[in-house]
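So the protein lines, in turn, are chains Y and X.
Per our numbering, residue 3 is the first one in the first sequence, and the count goes up by one each step.
Per our numbering, residue 415 is the first one in the second sequence, and the count goes up by one each step.
What the hints contain is simulated information worked out from the structure, not anything from laboratory work.
Relax, there's no trap hidden among the hints.
Calculated Cβ distances over 10 angstroms to all of chain Y for the following chain X residues:
(1) Ser467
(2) Ile475
(3) Ala477
(4) Glu478
(5) Cys480
(6) Asp481
(7) Asp485
(8) Gly498
(9) Lys532
(10) Asp536
(11) Lys542
(12) Ala546
(13) Arg547
(14) Asp549
(15) Ala553
Derived lysine-lysine pairs resembling DSBU-like cross-links, with alpha carbons at most 35 angstroms apart:
(16) Y/Lys83 x X/Lys518
(17) Y/Lys80 x Y/Lys93
(18) Y/Lys119 x Y/Lys93
(19) X/Lys513 x Y/Lys83
(20) X/Lys513 x Y/Lys80
None of the values given here were measured: they were computed from a predicted structure.
Note that beta-carbon positions come from the ideal geometry of N, C-alpha and C, so glycine has one too.
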Amino acid sequence: MRLEYFQLIDRIVDLKIADRKISTEATVPGTSTIFEGHFPGFPLMPGVLLIEAMAQTSGWLIVASNGFARMAFLAAVKDAKFRMFVTPGQKLSVKAALTHEGSGYAITDASITLDDKSICDATLTLRILDFPNDEMKLRMREAAARVGFPAEVSANG
Amino acid sequence: MAVTIELVPTLRYTGIQSLADGSADWGLLRASKRGGRLLAKNSKSTRELPMSSTFETIANIIAETCDIPRDSIKPESHAINDLGIDSLDFLDIAFAIDKAFGIKLPLEQWTQEVNDGKATTDQYFVLKNLSARIDELVAAKGA
Numbered sequence: 003m004r005l006e007y008f009q010l011i012d013r014i015v016d017l018k019i020a021d022r023k024i025s026t027e028a029t030v031p032g033t034s035t036i037f038e039g040h041f042p043g044f045p046l047m048p049g050v051l052l053i054e055a056m057a058q059t060s061g062w063l064i065v066a067s068n069g070f071a072r073m074a075f076l077a078a079v080k081d082a083k084f085r086m087f088v089t090p091g092q093k094l095s096v097k098a099a100l101t102h103e104g105s106g107y108a109i110t111d112a113s114i115t116l117d118d119k120s121i122c123d124a125t126l127t128l129r130i131l132d133f134p135n136d137e138m139k140l141r142m143r144e145a146a147a148r149v150g151f152p153a154e155v156s157a158n159g
Numbered sequence: 415m416a417v418t419i420e421l422v423p424t425l426r427y428t429g430i431q432s433l434a435d436g437s438a439d440w441g442l443l444r445a446s447k448r449g450g451r452l453l454a455k456n457s458k459s460t461r462e463l464p465m466s467s468t469f470e471t472i473a474n475i476i477a478e479t480c481d482i483p484r485d486s487i488k489p490e491s492h493a494i495n496d497l498g499i500d501s502l503d504f505l506d507i508a509f510a511i512d513k514a515f516g517i518k519l520p521l522e523q524w525t526q527e528v529n530d531g532k533a534t535t536d537q538y539f540v541l542k543n544l545s546a547r548i549d550e551l552v553a554a555k556g557a
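Make a model of the complete structure from these sequences and hints.
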């Protein structure tokens, strides 16, 4: 994770477009100014950032599914549950499954585990929109390359 | 990658526009601001037509999803203008309708048609018309 850049996902571990599933890896940094406030003397990864990790993972799955043609924006979070504390340095596994593709939106079931123990899960709604400008699309392609997004998918868009 | 919808206001996207207060809403020119559900204007309708099962299904979906009293949802109700449903709430309704009927409501196409002046919101969002569109989509799926 590069929290200061809001890059929650380190790499795509597994992407199965046909199965509409993705798995990513996200290691919580050992130090961050975030932990000075959350919480003093007891550093914990904030739950909102765990949601963001699930949203980014869902986003990569959706962008992969549409061949990098359109962007996904988080629109709703439902049934979010945080089952365990996450502390600095832990390596998280993030998974998302695309459960419904509507017109201009998608629904995913996402979860985070640590050593196969359930950390959190939620159902996410993402709006699917055209990239608002070429720069964003270019930057997202760069981010995609950084996390190991399959080049053949990225090249299609 | 995924960011909150508040970052969208500068988009030239046809489906969703941002209101002055920063909330996302329909790109349907006459946006119905949120805040207080409006009762169906036509609730005094004296002669009720026989209601289709499609209408019953979507009325129940809307009542449950948006916490709107079921008896205020009429076939003549406009989802946006009368019931005050915004685009995000309508995504929940669309999801439930997609699942219930095994279809994919073409929301983006409808929005485009309205924005292009080729259709009115009444054609898609007055519930008896929405029911008819759903029946057409179901029929097309079975064809």
